[in-house]
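Full structure from sequences and hints, please.
Residues per chain are reported as follows:
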Amino acid sequence: MGKSAAAARIVAVGRNNIKERNDIIPIEHTADAGFIIKGETTNDLFLNAAKALCNLMEVEEIAPVKEEKITLEAPSKEELLILWLNEIIFLAEQKSIIPKDIHIIFEGNKIIVNFKPVRVTIRVEVKAATYYKVGIKKTKTGYSTDIFFDL
Amino acid sequence: MSFRKEDLKKVSDFVWEIPVSYDRAMNVPGRIYASAETLPSVLDGGALDQIMNVAALPGIVKHSFGMPDIHWGYGFPIGGVAAFDMDKGVISPGGVGFDINCGVRLAATSVKVSDIKGKIEDIVNTLYSRIPLGVGSTGSIKASKSVLKKVLEKGSRWAVENGFGKEEDIEKTEEMGQMKGANADALSKRAYERGENQIGTLGSGNHFIELQEVTEIYDKSLAEDFGLFIGQMAIMIHSGSRGLGYQVCDDFIRKLSQAAQKYGIKIRDRQLVSAPVRSPEGKEYFSAMSAAANYAWANRQVLMSLSEKALLESIGISESNLRLTLVYDVAHNIAKIERHNVDGKEIELCVHRKGATRAFPQGHTELGGRFKKTGQPVIIPGSMGTSSYLLVGTERALTETFGSVCHGAGRLLSRSRAIKTINSERLRKELNKRGISVRAKKMKTLSEEAPASYKNIDDVVEVVARAGLAKKVVKLKPLGVIKG
Chain A
1 MGKSAAAARI
11 VAVGRNNIKE
21 RNDIIPIEHT
31 ADAGFIIKGE
41 TTNDLFLNAA
51 KALCNLMEVE
61 EIAPVKEEKI
71 TLEAPSKEEL
81 LILWLNEIIF
91 LAEQKSIIPK
101 DIHIIFEGNK
111 IIVNFKPVRV
121 TIRVEVKAAT
131 YYKVGIKKTK
141 TGYSTDIFFD
151 L
Chain B
1 MSFRKEDLKK
11 VSDFVWEIPV
21 SYDRAMNVPG
31 RIYASAETLP
41 SVLDGGALDQ
51 IMNVAALPGI
61 VKHSFGMPDI
71 HWGYGFPIGG
81 VAAFDMDKGV
91 ISPGGVGFDI
101 NCGVRLAATS
111 VKVSDIKGKI
121 EDIVNTLYSR
131 IPLGVGSTGS
141 IKASKSVLKK
151 VLEKGSRWAV
161 ENGFGKEEDI
171 EKTEEMGQMK
181 GANADALSKR
191 AYERGENQIG
201 TLGSGNHFIE
211 LQEVTEIYDK
221 SLAEDFGLFI
231 GQMAIMIHSG
241 SRGLGYQVCD
251 DFIRKLSQAA
261 QKYGIKIRDR
271 QLVSAPVRSP
281 EGKEYFSAMS
291 AAANYAWANR
301 QVLMSLSEKA
311 LLESIGISES
321 NLRLTLVYDV
331 AHNIAKIERH
341 NVDGKEIELC
351 VHRKGATRAF
361 PQGHTELGGR
371 FKKTGQPVII
381 PGSMGTSSYL
391 LVGTERALTE
401 TFGSVCHGAG
411 RLLSRSRAIK
421 TINSERLRKE
431 LNKRGISVRA
441 KKMKTLSEEA
451 PASYKNIDDV
461 VEVVARAGLA
471 KKVVKLKPLG
481 VIKG
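Order-wise, the sequence lines are chains A and B.
In terms of the working numbering, the first sequence has 24 at position 24, counting the first letter as 1, and numbering is strictly consecutive.
In terms of the working numbering, the second sequence has 193 at position 193, counting the first letter as 1, and numbering is strictly consecutive.
Source of the hints: derived by calculation from the structure; they are not laboratory data.
From a predicted model like this one, the values you see are computed outputs, not experimental measurements.
Keeping only pairs whose Cα atoms sit at most 25 Å apart, straight-line, the calculated SDA-like set for lysine to any residue is:
1. B:Lys189 with A:Glu73
2. A:Lys133 with B:Asp44
3. A:Lys140 with A:Phe106
4. B:Lys255 with A:Phe106
One side of the interface only, derived from the structure: several residues of chain B facing chain A at Cβ under 8 Å:
5. Gly73
6. Gly75
7. Val135
8. Glu193
9. Gly203
10. Gly243
11. Tyr246
12. Asp250
13. Ile253
14. Arg254
15. Ser414
16. Ser416
17. Arg417
Even for Gly, the Cβ is constructed at its ideal location relative to N, Cα and C.
Below is the structure:
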């Protein structure tokens, strides 16, 4: 297990802080919210996309709850990424939790995600991560994709 | 991609065309409704690329349309209309959007605004405290699976049968508030889970309940038919199918992604995944979307009933003196099977309206009762702090745009730019000075939804009216608004 499977924390920061990161770059979009997401590995890419989403939702942490594991499966990495982000939106909206201390393990067309859920309040409703322009590309430094969220 | 005005062919003063020669993949031309003044706002951003992507879908009939409020979305543009042949064409969740049957309803009262002048703030505060709103808000209705099934099948009727509103509300709702092809069993467990606590909740973002005053009448006879008069208090409700609808869209984008491959449908944007209209996958999506649409109608019906209670309490009058009466309820994110005349032949089509409103003319067979005589009411809300309009559909809309017009002002600024450039507290004070009371869960929402973030609603409605797609009936100005 290399860096890609190492523990990563999602830190809730204000939406404006996103612009200071070079792995999460906002894209101006008239109606919704878009980002260029980068990562040295696909694992980093998935984590950074989750960070962008949690920043967008303006989550405020309240208290940790017990560790959880989810398994998601999709025919392509792109669909898996959208599935993962929509899982976070579901957890946030329905259970008022977001994942923290995330371990993602890729197994073929599956990801197994271990995380510590944190109870949160959410200030911005994100309806869904969309498939618009999503496409994971190999770059010189790793991986990159655009992501647009429906607000 | 940015377009230049020269890239478009001028068809008339209000219609601009992207010819098929512009892009070989297009099956039909794109058509955008705009004036010389509003066109520049359409040229930048991705909206016209999205018009072309839709034009490249199989079985599209006549044109891929952009209404006067068109702006960049995902999949279809917002303000996009496209009709597909039932045999050669497709149905796409991206042509409806995540908020299935997001829509607007307008209800009038017997109250004169001059009689409640000092009470506006109290009314707004009461609405704000009585209406569940904001992210993930839950309502007082906890629907079991069997109850939810009834909501999904019956729509507005479920709400009326359970004490939320009157029988006449159903007649004044598009499709009588109930899509007939709904199948509650086509929804996932997760969709049910998301829907169980959200009936009668407003949501957040651009959803709102607004207290309004009728300030101008353009057609006296139609205004009378709709029970509207100058100085009258009205309310407008904008909401949709909440988390349940978002889940249905997400579930079916994944399902139809496989169908698109199976049927060899070439798409340029994954958000446009589609299935042939009559395929098992296409039918299943239509039945699930219809169920979510019914949920949205039940939601707006309950929201109206909760608003009525808040009005009664804050104004301190009886139900018979308030007389909250629905004018009409329209869907603006939906796909419908409709009959249209194409090249002299009456055929069935699958019409997608994403951020667009149906606008059928008087005499249309789909319209019942009073609306057969008046034409279908079309509700076009302005942005926060600006006027809204009630219009009626025309024959021209039916022949040109499959009976469709725009759904609002249309965004101009991105949300992040709006937050950066518009001070929410200053805006709230300015609105207050103009006599508009605002309550929002989050101050930033005010910047995002500020009038400057949107196109000028008067210009947009002027394009609709002058292009002959709908006829203006009344103008309403805002008095107060609540937002999630």
